[in-house]
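J.: If you follow the hints, you should be able to join the two separate chains into one complex; please do so.
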Amino acid sequence: MRHITKLPIAVALLLLAATSALAQQPQPLAFGVLNQQSPALTAERWNPILHYASTVSGVTLQLKMGRTVQDTNAMMARGEFDFVFTNHNFQSEFDTIGFKVIARWAGEPIRAVIAVPADSPIHHLHELDGKRVSFPSTDAFVGYAVPLVALKRAGVNVEQMFGGNQEGTLAQVKAKRVEAGAVNSRFLGQYAEREHVQFREIYVSEGFPDLAVIAHPRVPAATVERVRRALLGMSSDPNAAAVLTAAKSKGFEPAVDRDYDGVRRVYRLIGQ
Amino acid sequence: MKSSLRALLLGISSVAIVVVTLSGLAVNLRDRSNAAQVRLSEQTERLATAAGPLLLDSLVVGDLARAEQTLRNLNADSVWSLVTLYEADGRLIFDASPENLPRSGAPRWVKHLVPVTLAEHRVSISAPPVVYGILAVTPSMQSLESELWAEIQTMIAAKRKGTTR
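Chains as they are written, first to last, in my numbering: chain A, 1 to 272; chain B, 1 to 165.
Isolated chain B, as found in the complex (with noise of 0.2 Å):
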């Protein structure tokens, strides 16, 4: 009697500790995410803003090809999924987007954590008052995975280190 009632005790502890725990960790990841999700759209904005003056120096002279060359170049590790480049009026000059994306080597469990889609972000190529295109790019989702996917191998391998300590 007194022996399964401490089973019964030990065995609530647990479970109460495994579900702590787990659900530190759901929190944790969420946290993760969205920090990752952040980063990325800011290392978007940041690298769309340098793009800016390099298109700018391209499309005064008319050159579309040197334009769709420096956008393949700033995009070579594929941090966007989607590359183009419109008119003013919204007509595609060109679509630079990469054609094949590396997967991202993630569980599929990690992609359920990735929002579906990421927001788009757009900057106007100009010098006032002439509009010479405007670029919109959308981060890939498979560089938000593989950035989620490295953060949580991390802290496994620091909660690892923890414990057997």
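Chain A on its own, in the form it takes in the complex (with noise of 0.2 Å):
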């Protein structure tokens, strides 16, 4: 009998350990990334990334994103995410949030590249007056920004077209919806590639520093240090390699907030 009556609390006792053990374990920090591509695209490129680091780093990242950029910058304003993959903060609207940059995708700075396909008559950017040229968003910093400033000073005025993403908007040049499309240097090599098309570039801007990974104010500045380290690590550890390999990267660089400033002069430029 007396063993009938403590088997309940037995039983009690348990499932108030599992909760409390679940209870603790660390919820994941959302990790956002720009909609450069495609969700599915950017899942495939930035998953192992993000697997690494949290290994790395024992901080679990998981990869969020909205369905368009636009959504993906509301989530920014909302505070939806821990850590970010952009250069949108620098609009003036995200000043107030108080993001601090970690670290920057390596290599080459990035160019906006107007394109055209390679057999188009449209050889100089003045050509393009009354045309139609593709931009993946009005918030992009090299696919629109800095491409809308340079038809401006040419006295160029063009026809927006939008393509959601900097593939979108190849996509629309590859089957001549546009007569030409302003994108990311990054994505232009890439795409060329993969599709087997090719483009012929009418204009390319200065360099500017590649999208930065920026941390939410709110991020413990221990977490936020662990996972700096481990995406500043990834280029030297041959356990990354693999990954970096599939995501065409060359892992990340370090990166400070003033580094930004020409791209947060451009947005101003354009009234962001």
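Please note that the accuracy of each hint is not assured.
[Stated by the list, open to error] Some residues of chain B that are not near chain A, with every Cβ distance over 12 Å (derived):
#1 S13
#2 E68
#3 G90
#4 R103
[As the list claims (entries may be wrong)] Incomplete in silico selection of chain A near chain B, CB under 10 Å:
#5 L41
#6 P48
#7 G66
What the hints contain is simulated information worked out from the structure, not anything from laboratory work. Glycine included, every Cβ here is placed at the ideal spot set by N, Cα and C.
T.: What follows is the structure in structure tokens.
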């Protein structure tokens, strides 16, 4: 009889212990990624990187993004991300949040490129006057802000079309639904290689630092540092080599907020 | 005596012809049933594989409503009788099986030619190492019956055409 009365107590204690263990499991931190590609391609590129960074840092990171650039930016504005890979935060509307730059995508600086199909009769920027030009979105930096400033300076007015993301814009150029497309130089090369298509560049901007990894101010400094170290260590860790090759990445480089002053300046020129 | 022997031989020959024809028909039907089953299985695999990237796009951004709509649109012809999406750990995310499966219109005897159960096909919706879901689909029996019945009708029509010439 004594055993029978003890059984429910033991079960309750076990349940309590299990619940408490579950509650103590750290929740993954949301790692937002800007829509430069479709969500599926973004996940294929970023999930191995985040898995590596989670394993090395001990901070569980989970990919999060919106369906569109606007959705992802809105999520960033609402504070739904603990870390973000973007450069849209350098628009003035995000200034008050206080994101901190912790690293950037390694490699050559990115440039805005306005490209046309290889067999296009258009060879110069001024020939685009009145023509349809695709941009990823109005929030894009090298895909919109930089080329728009260049077009304005050249006195060229174009009919603006939008492809949703970098590859969407290139797909529109490939399909010849637009006369030209403005994109990030990094994506132009990758897309041309993958899709076996040739483009001709009619405008190439100065270089800007590639997208940054930024941390939300609510994330404890120690956690930010662990993630930063894991990302920066990827390029020298043989265990990360396969991940970086698959992601066509050279890893991450140290970066600070003032590296992006040039980006802020261009955004302000177009009123963002 | 002579005429009854002739009648007997004629009867035996007729029975033999009927038996041989029916046997041929049965073999033919079995082959067609197997072929239809293989075709349906291939179609299921093709559709489920095509659904993968579409579902991944929706699941990465957490848009379950769109994922469900994608599956309902892909299965508009009710090729699948059971359509479910599971979490990697086996928990059900949603069931997008058609609510009212259309009747095949095939006669009852055709239903005896199709297997009792059709194999479930599973596709992992993942961007490694993250598995966003497991799509499980089962081809519908009605679809198989309809296909087989259409085959039989074509076969009968061809035989008739052959005999009337």
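J.: Going back to the hint list, which numbers does this structure go against?
T.: No hint contradicted; all consistent.
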